[in-house]
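Trainee: Model the full assembly from the supplied sequences, consistent with the hints where possible.
Going from the sequence shown to our numbering is simple: count from 1 and add 152.
Wrong hints could be hidden among the right ones.
The following label-pair restraints were derived from C-beta to C-beta distances [unchecked claim]:
{"#": "1", "residue 1": "G235", "residue 2": "S169", "range": "42 to 52 Å"}
{"#": "2", "residue 1": "K225", "residue 2": "V191", "range": "15 to 25 Å"}
{"#": "3", "residue 1": "V191", "residue 2": "Q161", "range": "38 to 48 Å"}
{"#": "4", "residue 1": "A185", "residue 2": "L224", "range": "45 to 55 Å"}
{"#": "5", "residue 1": "Q186", "residue 2": "G223", "range": "27 to 37 Å"}
If you are wondering where the hints come from, they were derived from the structure by calculation, not from laboratory data.
In this text the structure is predicted, and so the values were computed from the model without any measurement.
No residue lacks a Cβ here, since even glycine has one placed at the ideal position from N, Cα and C.
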Amino acid sequence: MLTPEQIRQRVADADTSRSARRAAAAQQVFELAQRRAEVVEQLDGVERDLGHVLAETAEIMDLDELAGFTGLKAAELTAWLAGHKPARGGRRRKTSTDRPVDPTEP
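Mentor: Below you can see the structure in the form of structure tokens.
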């Protein structure tokens with residue numbers, strides 16, 4: 153028959169093993185998530201660069217011609233170009249003079 157101390161020790165041993173596995177799994181998930189975030193950031197940069205270059209290239213050749221030279225699909229080039237958003241101006245706020253005056257207001 154086991155003593156209460158032996159039972160406590162068995163539980164502690166099982167908990168230690170489980171805690172170590174849980175900590176390792178959590179660490180691995182965290183590291184992979186960080187790596188994924190870095191890759192996504194790099195991919196966003198590449199797609200942004202592609203969009204800029206494609207926008208500039210549009211001045212000297214169309215996408216079908218570029219697709220022929222590169223072996224890429226025109227639809228893929230079009231999608232990258234569509235993802236490129238040129239810089240927009242700031243949002244214009246209306247001033248009080250832009251608002252029509254309601255003659256019924258006091």
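Trainee: Taking the hints in turn, state whether each one holds.
Mentor: Taking the hints in turn, this is what the structure says about them:
1. G235 to S169: 42 to 52 Å: Given about 49 Å between the Cβ atoms, the range holds.
2. K225 to V191: 15 to 25 Å: Holds, since K225 and V191 (Cβ atoms, about 23 Å apart) stay within the stated range.
3. V191 to Q161: 38 to 48 Å: 45 Å Cβ-Cβ, so the 38 to 48 Å window holds.
4. A185 to L224: 45 to 55 Å: violated (31 Å)
5. Q186 to G223: 27 to 37 Å: For G223 against Q186, whose Cβ atoms are near 35 Å apart, the range 27 to 37 Å holds.
Of the numbered hints listed earlier, the single one contradicted by the structure is hint 4.
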